[in-house]
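Residue numbers (the working numbering), protein chains in the order written: chain A, 5 to 354; chain B, 831 to 1166.
Hints in this document: simulated from the structure, not taken from any laboratory.
Where is the CB? At the ideal position from N, CA and C, for every residue including glycine.
Be aware that one or more of the hints could be misleading.
Claimed, not checked - Have a look at the derived ranges for each label pair, beta carbon to beta carbon: (1) Pro-1037(B) to Leu-24(A): 43 to 51 Å; (2) Gly-238(A) to Pro-1037(B): 39 to 47 Å; (3) Arg-1079(B) to Lys-77(A): 50 to 58 Å; (4) Glu-1041(B) to Asp-114(A): 51 to 59 Å; (5) Tyr-1038(B) to Ser-228(A): 48 to 56 Å; (6) Tyr-1038(B) to Leu-24(A): 32 to 40 Å; (7) Lys-76(A) to Asp-979(B): 36 to 44 Å; (8) Asn-269(A) to Pro-1037(B): 26 to 34 Å; (9) Gln-80(A) to Ser-1060(B): 57 to 65 Å; (10) Gly-1099(B) to Asn-74(A): 57 to 65 Å; (11) Ser-103(A) to Thr-1022(B): 56 to 64 Å; (12) Arg-1079(B) to Leu-229(A): 34 to 42 Å; (13) Asn-1050(B) to Asn-74(A): 22 to 30 Å; (14) Gln-80(A) to Lys-998(B): 22 to 30 Å.
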Amino acid sequence: MSIYTCYQCGLCTGICPKRLVTRYSPRGDLERTLLAKDGLDLWSCLTCGLCSHYCPQGVGYLDFMKEVRNHKKVDQDTIAHKSVFNLISQLMIQHPEKSGVPTGFVGESDPKGLIGYFPGCIDFLDSFLEVGTFFHPIGDAALKLLNKVGVTPRLMGLKCCGHDELWQGNQDAFERLRDLNTRSLKESGIKTLITTCAECTRTFAIDYSLDLEVLHISQFLEKSLGTLNFKGEGTVTYHDPCRLGRHMGVYDIPRNLIARVKGANLVELENTREDCQCCGVSAWLGCCTESKALLVNKLDEAESTGAATLLTTCTKCLAHLSCVVHEKPPLKEFKITVQDLTIFLAERLV
Amino acid sequence: MDRVLVIGGGITGIQASLDLSQLGLSVTLLEKESVLGGNLRKLDTLFPGEESADELLTLKRSHIEGSKNIMVKTNSGIEKVESRPCGYKVSLTGNGTSVEVGAVVIATGFDPFAPGPIEEYGYGRLKDVVTALELEEMLKGKKVVRPSDGVIPKKISFLQCVGSRDRKTNRYCSCFCCTYAIKEALAIKKLTPQSEIAIMYMDIRTPYLYEHLYTEARENGITFIRSRVSGISEKGGLLKLDIENTLTRESESFPSELVILSIGGVPSGSTPKLADQFGLPLSDQGFFRVEEAPVKTSAEGVFVAGAAGGLKDIHSCLAEASASALYVSTFLSERK
């Protein structure tokens, strides 16, 4: 919804996770925009959507952020990992015909299948990140689970979904990736696209206009819940990624899957579901002291539940949280482990 | 049959008279001016903005004319009030006539605040600083122009709380300035869509059913700047408003081609004398004191309705007018 309805009540700033660690004011930036003043802080927002969820006037801060960032240049120094992922996107755009069908996954797939699975950037994360976890097994786990419910998915050789380019204001790059992927998806003829990352899910579902069903793997598996049986002891907690939670409204489904694990006990975070706090980083913008403070807060909150494992459904949340758990020298000693829900389920499949 | 005196021929007095007449009572309606209508005559529309003030008045006047029970006395005031065992004997100004009445409704309304004494706004000195009532007059003619040169202004600013919420003038809130300013801003925007309108406010108060107007105004691109103007100067035909936007904490000199003062109101000039004549106490704000809500005063058989008891919007005035008629009717029947 339009920002013009903003009453300047300041609830957004009051609830903003970034405000806990910086002077960032969503209200202030809305006021400056309404008065056509410059000096906006374009890059602090985590685009977590907590403010919009609570805004009494229905201001769509996420769409506002997308619009004001559009074609603005972010300082490259503030992008983590030396902008390597932007570079990868650029190379993907420069070589549009390279299909890059993902390989090396354990499990059955079908190059002509009507249900597609896109593993996203997991192999690139393994190549460039050292965060104490491996991402490739997410793909293996996805195939194992999909095979179990009788699906041999088509492995999709897509470009990057463009999530980070979009939220970094690189509209041109995003649109190129979107158009290339849209063409590939159309040519493939698949009817359903499954992803294992909340960012991919949101981007394909909301920021593309595709003529097919886009589902996070948890959404897909939930349809066959009765045929899935899991077993494994332990107490776990679940972090709702912004993209799957507030952006897509998916809260119950991952919990229903966890509840299916015999012997496992799900305990909720203090701030959960619609109130879930952002992990602390988005679109590689600012891996800095402030974002680490938020990540530490998140892990503290998870540990205080008594859970041994913090589960999530977003590859990026997993990367950022694992990074802080394994940071050297340690920022803090954490006993909790962070795990992707897909892997957690595949390991417990009976 | 008992006769009832209604003092004041504005919208409240008119409505009270009509309702009293409907209840079978005879009414003498006093109006100091030569025509009925009071402040409503100066308005273009009633908020939220759809209802024409002139049409409403024409309709109500025709009802008054069609009622055998109502005797209208224009150009009339009160000379003397004497208590009688069953009511009051009221001598009218002018020709020396008097009426004996069983009950009285005071509906003397309010006078618009005259902004001259607030020197920093330059009203009277700066031609393009006008009051909201002067704007209403222009809106009636469907043409809003700068008084100084007759040109249609592009940049227009409204100043809220003029003569309201100010210890130097009146401490109270008018309860209607925000809503009418927004109504007027939307009306200007409709006449001249390219106008850039800013409303300088402390808080926006659009009570009862009018919150949607505030949202509508924002959606229509009307700018709201939280500030209280500290001075207005003129250079080369352009007005500059000294403000601090208290939300961005920036001070600036805000350019405007036309400035509208959203004036509140003060008790009607006749209030102290009338209060004395009926032995009625006044409120801290100088209006007639309502002893028991909504319309009872401390004097037996004397009721107060509408803005005479404190500023309020027209719809509330109408409600109090009807309430006063019922109170009078009950009072008179219980006394028998």
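The hints, checked one at a time:
1. Pro-1037(B) to Leu-24(A): 43 to 51 Å: 35 Å, violated
2. Gly-238(A) to Pro-1037(B): 39 to 47 Å: 56 Å, violated
3. Arg-1079(B) to Lys-77(A): 50 to 58 Å: 28 Å, violated
4. Glu-1041(B) to Asp-114(A): 51 to 59 Å: 57 Å, holds
5. Tyr-1038(B) to Ser-228(A): 48 to 56 Å: 55 Å, holds
6. Tyr-1038(B) to Leu-24(A): 32 to 40 Å: Once the Cβ atoms are compared, 38 Å apart, the range 32 to 40 Å for Leu-24(A) and Tyr-1038(B) holds.
7. Lys-76(A) to Asp-979(B): 36 to 44 Å: 42 Å, holds
8. Asn-269(A) to Pro-1037(B): 26 to 34 Å: 52 Å, violated
9. Gln-80(A) to Ser-1060(B): 57 to 65 Å: Cβ of Gln-80(A) to Cβ of Ser-1060(B): about 44 Å, so the range 57 to 65 Å is violated.
10. Gly-1099(B) to Asn-74(A): 57 to 65 Å: Holds - the Cβ-Cβ distance for Gly-1099(B) and Asn-74(A), about 59 Å, lies within 57 to 65 Å.
11. Ser-103(A) to Thr-1022(B): 56 to 64 Å: 57 Å, holds
12. Arg-1079(B) to Leu-229(A): 34 to 42 Å: The hint (34 to 42 Å, Cβ to Cβ) is violated, given that Arg-1079(B) and Leu-229(A) are roughly 55 Å apart.
13. Asn-1050(B) to Asn-74(A): 22 to 30 Å: 24 Å, holds
14. Gln-80(A) to Lys-998(B): 22 to 30 Å: 56 Å, violated
In this structure, the hints that do not hold are numbers 1, 2, 3, 8, 9, 12 and 14, in rising order.
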